[in-house]
Amino acid sequence: MKHKELIVDGVNITDKYAIYAENLTKKFGDFTAVNNISFNVEKGEIFGFLGANGAGKTTAMRILSGLIKPTSGTAYVAGYDVYKEQEKIKNNIGYMSQKFSLYEDLTVVENIKFYGTIYGVKPKENKERTFTLLETLNLQNEANKLVGSLPLGWKQKLAFSVAIFHIPKIVFLDEPTSGVDPITRRQFWDLIYDASNKGITVFVTTHYMDEAEYCNRISLMVDGKIAAMGSPAELKNKYKANDVNEVFYHLAHSAKRIE
Amino acid sequence: MKIIEINNLTKTYNKGKVIALDNINLAVEESEIFGLIGPDGAGKTTLFRLLTTLLTPDKGNAKVLGYDIVEDFEAIRESVGYMPGRFSLYSDLTVKENLQFFATLFDTTIEENYHLIKDIYEQIEPFKNRRAGNLSGGMKQKLALSCALIHKPKLLFLDEPTTGIDPVSRVDLWNMLKKLGREGITIFVSTPYMDEATKCDRIAFIDNGHILNIESPENIITNYKQNLFAVKSEKTYLLLKALEKFPKTINSYAFGEYAHVVLNGDENQLKEYLVQNDFKEIDIKKIDPNIEDCFIEEIRVISQHNRGINEA
Amino acid sequence: MHHKKKNNTKIFKQFGAFIRKEFYHVFRDKRTLLVMFALPAVQILLFGFALTNELKNANIMVVNQASSIESKEITDKIEASPFFTIKMAEHNAENVETYIKQGKIKAVVIFPENFGRATGKDNTVQLITEGTDPNIAKTIINYINAIIGDYQLTELNKNGTKMPFTIDVEVAMLYNPELNGSMMFIPGVIAMVMMIVCTTLTAVSVVREKEFGSFEVLLVSPLRPILVLISKALPYFVLSFANLIIILLMSKYILGVPLKGSVFLLMAESMLFILTCLTFGLLFSSIAETQAVAMLLSMMGMLLPTILFTGFIFPLENMPTFYQWLANIVPAKWYFIVVKDIMLKGVGFASIWKETAILGGMTITLTALSLLKFKKRMQ
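If you read the sequences in order, they're chains A, B and C.
The first sequence lines up with residues 1 to 259 when you count with my numbering.
The second sequence lines up with residues 1001 to 1312 when you count with my numbering.
The third sequence lines up with residues 2001 to 2379 when you count with my numbering.
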């Protein structure tokens, strides 16, 4: 079923953007976690969402993935309203975080099957995609091993593949490569590029600044606001920096709040 | 006297089925910052727990401040500071209460060693009455470091103090460690972030329970003998794929906005190949490696070596 | 010497700091605190009111071996009361036990052969009740007593001041002769609450530090492991004691349970039991690695046996020998006896020294065991 189209200023945003946010605000009591942020993410784009701990990244991500409601502002994810259509959003996105993604006491295949089933992938399809997935990740021999016994890097690659198993429109990645070795980290980004090439929009947070360079565009959050946004090259130009790390340091060091 | 001396240390789990550390040897000199650099699961935490006497080795031995890690564990516990990888302060106690508790635990007062933690503590002091659980990741680490430092240990063990915190806080933390090193405190620190290796006096690469290399970061970089190039074009993704296929490529991988290529040839050959394959805006430059390049090269050599053994 | 003195003050300082920290943990965890103090109150009220059953139309049996007018009159009076229904009337007592066992009747009133005015001044009515539900048994006894007393009073009035004859009620109880249970739940609840507060909370509070990784730091500090254990246990010792006082006050002033014996003796014995529970908690904490396991261990390992084998809900006398034997290793059983004897019977230390010794022995063994099991290292 095709959902209703949304036209803002003559632009059909459901066609153009995977994520559309305008003046998005979230308050917890007196505390404004997300302060009036506006940004768009285009379809198929790899969008890096950077910021210091406590800058409001997690809150923003939770709003966009339909977990909490914003206090005010507008946001559409995959064309669905974050206020009213949270369930539809959840069906159209994938989510992976560094903390939890797979069940350690289930085998690789059991994990894949479980997630495939809860996202409504048909059994036959499920089987075929599982086969392809294991082949891509070179995990055929580990298919029936417990996920807990795999090295972290493999787990993270598997977790990502599971997050996009149902071929969502957008995948949210919350520090997916934290603590992963440099080689596996790059293999992980190969997977991200592949997904992006297939048309899946990637929304990713990271603390590795070299990874920020792999994104088409990045935004930098400071104290609940977006302090800078653009392609890595644009930002480096603007702040006369050698790399994104310097841009980040320049902007985030002025941060006031620590929560 | 060596501050830490490790001889043939081996540790296994699950009755020998999982080898966490395989025959490790290393020594740490007085007042140096020694970095243990390696990915998750390499064996970093196990080594920390052995040295802080929380675990006993299967084979080999180690001395910390001249004390044996098995026999003299009480003496070691009296004199070292330790900050485990997981955040380990009491989240329901305030900043001040946490610090106070650890000060008393080590029979000292906040005032006595305030100069050591001043730089760090000043940043969190405005929030001293806030519960530690309500601090951001960076602030928590700063508080944890303050708590580990408050008794002015001769040797400080920091297991991944910068994991999961943002780049700004990371820079702050490393500046503080540098300063402590100048105070004569020896620091044994681990990190999964390769770029932090340059902040150490000496580093050991650790992977899969093995120590690959122990050197100063400068020497590690000087010892790098390969031809390394940074390459850029308008299509990053396709560029990476193309570089993999180039016959003279020894290794290639993304690195920020550039791709890094280890070549068995010169840049002109590469340029020619890329032009043939319709790449535009090509930018190739020969570069000096950084620590991450060195680590990747080490791993490549080892896996090639292992493959050689397997095939033979 | 000087060094030693300094060392002592150091230990006291560390100890003080640790205990202060533990109290912060306790008082900042409002929910646990609420559960800890609200739970006993709720239980006291719940048990207190749930167990005082109203008696209505209890089935009883009359064995009239006398066939005198008096026995007939008393039987009629019982029948007429709203509390009893005479289900059976026989002339001999042969089948009494079978009927009670089958649950057909709750009690039997037996008039002996020579019952009646004619036979003399002193007469005895036998009353046998089924004791597994002690509250009902007790109520039945009271009511039958009241009915007979009432009968005597009417007789007295009929004959002026001259008492024609007196009737004694001889009570026998089947299956639970000591009438455990009526007010017995108070000692039971005390034992249970101590178990929850001391064992569970102590175990959880140690294991929580393991989970958060702070235990590693404590181990790698100069703090002696034994101090960690004592500091962890002390706040819960204090809280349990406060809890005990609340329970005792509630039982005395809200439920009217008597406290016949010495309050100090009761307190002293309770402290011993609290210690026993604390050592159990510490022992569990050295086994468990997660809070969930610690919780399960103390629930399954302590709470369930306390409920089952203490005798305050299910009389031990009715249990198979094996279970009775098993009950002996449940500390709550011994504490239950102690509290019951002091509160309800008013006995002194001389009568309960054996139970005290057993509890003391258990505590010492457990302390030794937890010290032995306490890991100076990780695994």
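Everything labelled a hint here was simulated from the structure, so no lab data went into it.
Note that the structure is predicted; figures quoted are calculated from it, not measured.
The beta carbon of each residue, even a glycine, is placed where N, CA and C say it ideally should be.
Among the hints, a few may not be true.
Said to hold, decoys possible - If the Cβ cut is set under 7 Å, some of the chain B residues that face chain A in the computed set are:
#1 Ala1027
#2 Asp1040
#3 Phe1073
#4 Leu1116
#5 Gly1133
#6 Thr1163
#7 Gly1181
#8 Glu1183
#9 Gly1184
#10 Met1194
#11 Ala1230
#12 Glu1234
#13 Phe1246
#14 Pro1289
#15 Ile1299
#16 Val1301
| Structure versus earlier hints, numbers of those that do not hold, lowest first | 1, 3, 4, 5, 7, 8, 9, 11, 12, 13, 14 and 16
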